[in-house]
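Heads up: the sequence lines are chains G and Z, in that order.
Mapped onto our numbering, the consecutive letters of the first sequence carry residue numbers 1 to 562.
Mapped onto our numbering, the consecutive letters of the second sequence carry residue numbers 563 to 1253.
Take every hint as true, because none was put in to throw you off.
Over the 10 Å line for every Cβ pair with chain G, so calculated as not near, a few chain Z residues:
no., residue
1, T679
2, G721
3, D726
4, R745
5, F945
6, T952
7, P984
8, E992
9, T1000
10, R1027
11, I1234
Straight-line alpha carbon distances no greater than 30 Å define the calculated DSBU-like cross-link-like pairs of lysine-lysine that follow:
no., chain 1, residue 1, chain 2, residue 2
12, Z, K1075, G, K522
13, G, K522, Z, K1208
14, Z, K786, G, K416
15, Z, K1082, G, K277
16, G, K522, Z, K786
17, Z, K1082, G, K271
18, Z, K1208, Z, K786
19, Z, K1082, G, K522
20, G, K522, Z, K1211
21, Z, K1025, G, K522
22, G, K159, Z, K1082
23, G, K522, G, K271
24, Z, K666, Z, K614
25, G, K413, Z, K1211
26, Z, K1082, G, K413
27, G, K413, Z, K614
28, G, K416, Z, K1082
Calculated directly from the structure, the hints in this document are not laboratory data.
Yeah, the Cβ is synthetic: ideal placement off N, Cα and C, and Gly gets one too.
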Amino acid sequence: MQFTLTISTLCIILIFTWRFLGSYITAVYTNKINYLRAAERLIFKALNIDQFGEQSWQRYTLSLVVFSIVSIFITYALLRLQGGLFLNPQHLAGVTPALSFNTAVSFVTNTNWQNYAGETTMSYLSQMVSLSVQQFVSPAVGMCVAVVLIRGIARRESKTVGNFWVDLVRGVLYIFLPLAIVSGIIFVSQGAVQTLAGPILIKNSLTHFSQTIPRGPVAFMEAIKELGTNGGGFFNANGSHPFENPTGTTNLLSIVLMLSIPVALTYTFGKMVGNIKQGFILLLTMAILFAGCLGLALYGESHGSIAISSSHVSQTISGNMEGKEVRFGTSNSALYNIASTQTSTGSVNSANDSYTPLGTTALISGMMLGEVSPGGVGSGLYTILLFAIIAVFIAGLMVGRTPELLGKKIQAKEVKLAGLAILIMPITVLVFTGIAVAIHAGQSGAFNRGPQGFTEILYAYTSQANNNGSALAGLNGNTDFYNITGAIAMMLGRFAVILPTTALAGSLALKKTVPNSLGTFKTDNLLFGGLLTGTIVLVGGLTFFPALALGPIVQSLSHKVF
Amino acid sequence: MKTNVITPPSESNAQIQSRKGIIGGTNLFDRKIILSSLKTSVFKLDFRVQIKNPVMFVVLVGTVITFVESIAHPSLFTWTITGWLLLTVLFANFAEALAEGRGKAQAQALRKMRSETDARRMLPNGTEESVPASQLLKGDIVICEAHDIIPSDGEIIEGVASVDESAITGESAPVIRESGGDRSAVTGGTRVLSDRIVIKITAEKGHTFLDKMINLVEGANRQKTPNEIALTILLAVLTIIFLPVVVSLEPFGLYAHSAVSITILIALLVCLIPTTIGALLSAIGIAGIDRLVQRNVLAMSGRAVEAAGDVQTLLLDKTGTITLGNRMASQLIPVGNHNELELAEVAQLASLADETPEGRSIVILAKQLHNLRERNINKDHTFVPFSAMTRMSGLDIDGKQLRKGAAQATKDWCVELGGIIPPNLDAVVERISKQGGTPLVVADGPDILGVIGLKDVVKEGIKERFDQLRAAGIKTIMITGDNPLTAAAIAQEAGIDEYLAEATPETKMNLIKSEQAEGKLVAMTGDGTNDAPALAQADVGVAMNSGTNAAKEAGNMVDLDSNPTKLIEVVTVGKQMLITRGALTTFSIANDAAKYFAIIPALFSKTYPDLNGLNIMRLHSPQSAITSAVIFNALVIVALIPLALKGVKWRASSATSTLRRNVFIYGIGGFITPFIFIKLIDLVVTGIGRI
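Input sequences plus hints: build the corresponding full structure.
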């Protein structure tokens, strides 16, 4: 009953944010609002940027790549050097090269895969500057790509697609900073810690037992962690730690923050192409996929773990409580983790590795379907549009015309670029998983053997190639092998998708728009929603079914849950 | 010069449509073609041929690997798989060969026609020499007399002749060709029936219309169309995506202590990659062009056929497409103090000698309305024929001058003779014009009796056709030389969307450009030299075979029947081609789900017996499951060949309803079908195994 209330509240808030945040984001990227004009001008002057100069897709992409490479270098350097820098009350040493590389890539690619425990590895400076800054700019980069693709579709015979620096700065200034500040204050009000005073030593005068409690600037990092679908928490325990996620309110707020921007972007899309229904159909597709995965997880977790039921402990009321916070219970934990895996956030409030095979299937499926329901900030929208192009092409042929998406003809070049962008993720996952299970360096990382061990490795690469960042904790990722292959997977999953996507935007922007007629393939009706859902499920299903069969599916079958 | 001119008989639309194309006639599944296609499919087992088709190339490579594996570890299973994989490639080759087969046979027939004829070449000094037709150069002058075969394409520079073009068009009635104007073009391979003509050769050696036709039906330089290229890329993407899926199963299997044999991996790969559409893709394109040839339309490129499917605006000539060629008298309206009987009598007399369809229709109307029989005129009389100067025709009899003609011309003539124009005449004339008719004023000397209303007769069923096109989102624009009033009335009657009245080549061109500027694709037909620029500008330009060489060069299709209604059929064929590709792609991908359910449990059921829970078809054994999936995958190609060659039906309706139907049939159907057939094949395979 209480869970129904949570879901209803969530839906109502999301409908509200869809409509209003969606139109606010549109205003940001179409230069309709300028209340921070002074700050903007200052930044553009300092960076020597012509605020009104537009870029071709090539220059736009180049700026994006240069910015990201520089970001990786700076983050890497700061992590390596943290031992000698300020804001290091615990006197933590510099981070090792492989881990620094993995972490730098991880935060720049909006993945936030963490092969470390934050409270014992990262200084306050690293957390606040190296990592948190990336938590602000990396989702803004994702937004840039989404906005460029929308512009490509909306513009006619245009050689330019916008200005990367302007889009980046405005995204951070108008969207991420204000929303993170407001939600950060709510986190603080609910009891999340925010201090630079360092860890505290607690002595129990009765037992003479003492304990060091790590603290830090947590609350505001928490806000941007969820809002930017980053997922990298201050503490190793992430969203299950009471300092990060103290109450039921913050739990719901976290879920809202993860979902709000990716969901609102469908409204932005509809608004910018001049047909809200187009965006609504994308939203509906996302909602169907989300509901499917959530249903599967709830079903799996409510049935409990076979390991516990075999020792004659009843789980009829609690469900599978292994690895879950008593504060949240199975339903709220499943909802949080599903929201996090479906949005490329990757934060957790319960242990993924302890989920039932069905629950694990649900968690991993959201990623395997390409992180589109609703996906990461920006990346969710541009990925679902890539799928839309493929769906439009196959189905569009069936109406007897050269397929079009919103009047833009989908031809060889578009199919090539969209196909390439969609190929990258499954190939990366399958190849790296194949290597890891075949060699000792890979096998030794997994805590378990058999299907669970296989799933842990498969999950790791699926998460990294999708820039999600969640993990099955049974895998020890802090080895050279996993640090380096993981970083490569993260970069491929991010940039090898962004490059064809911006090229696609450039190609679409140049095109004429074919006027609408009765012979036009409609992309704003339920039929297209069904086709798009079918395409996403089919592509994901066909590529990952064999792998899933050897992991969670065989586990589910042997647990007789079906 | 004798002018033994034979009038070409007018042909009804029904006749044109019922007639088979000249080069057609052979059944799609003719035994001879099937036999020669079987042979060709073996010849096509060549890596250099297969590399053009990434999907089938992978299958061929896979076949070679399983073949080697079968030799290394022979077993009934590996040999069966190898055999069926080979059959998969052969079936694909067979589909393509079959699609090419009819064209090849047709090309052969055409080649025979291009038999070596001798040409009479005129030398600059006026003498003649005999040279083989194949040695004629562009610019040569040749002479043809009755019974000669015209040696090459050219332009008549002197004379007029009746020509039998049946060799090209299949139409047995001869046509008139004469120097000057839009009827001066002659085609090599046709035969002069009468008279003598002097022809200037306009085609380069080996580039005559007949040569082009042979190349086209044979598919000699067939190039992939834009959508075909895009689809090939998508199929390549789907093939590439399944490579790591299958290859990674090897380490995944080893990790689970369950090694997978390479034969099974290749069987799985072949089942997953889109072989159905990959095998049939080129056959669909060839068959699409072939279907046009059957309708007597020669498309110079597949690209044009595909563009026809995209067309959003059709420019249709009024005459011959929307209306029957001729105007018919439909009403008699007396003016002044005359009555209708008087008018009918004079109108009939004035038209007696008028052999034009309009004239005949006036006589018939007079008979119908007032039972006036055609009278023998015994008295002294003179017929006054129509001339462009007077714009009137009639009869002088008994000292009376009976005339009918264009309103203004007749009025002027009466006034000149001292007549007074009846006050209600102008109103009547205007009314008829507004209704889309043509008024003919009838006069007896200076006395005006009334007006004959001639009306364009809109073709039966054409309105429904335009309604369908509108439902499919295609706009029709009528092109006519009529004034706007007349044009509007006909447009309304025929249910056409827009019209271009008083059209000139320039206004036509501007119309095309403005439609294209809106992002639309435009199709049109044309025949005159002055149509050439517009034909070239249009995305799909269908030139009438009866037209000039300039028009034929400018367009990207030639209609051998010279029937402007064809444009609608061309659009249909273009759409069918795209729909067939999309439908088979959808079917192919939707098939994969069932194949997974057959193969995946079979792969790992030794290590994980629980995986048998996925064996929802309850297939007998791992080997029978994999064999059945591979057999289904091969047989489905053969089963779909007829569909690929004939094309998926397209009924003009909105995109959404077309899509809904096709998604249901090929998407949902494609998902369910393999479950049923793989199970059936498994039963058969197991049954044979028991014996």
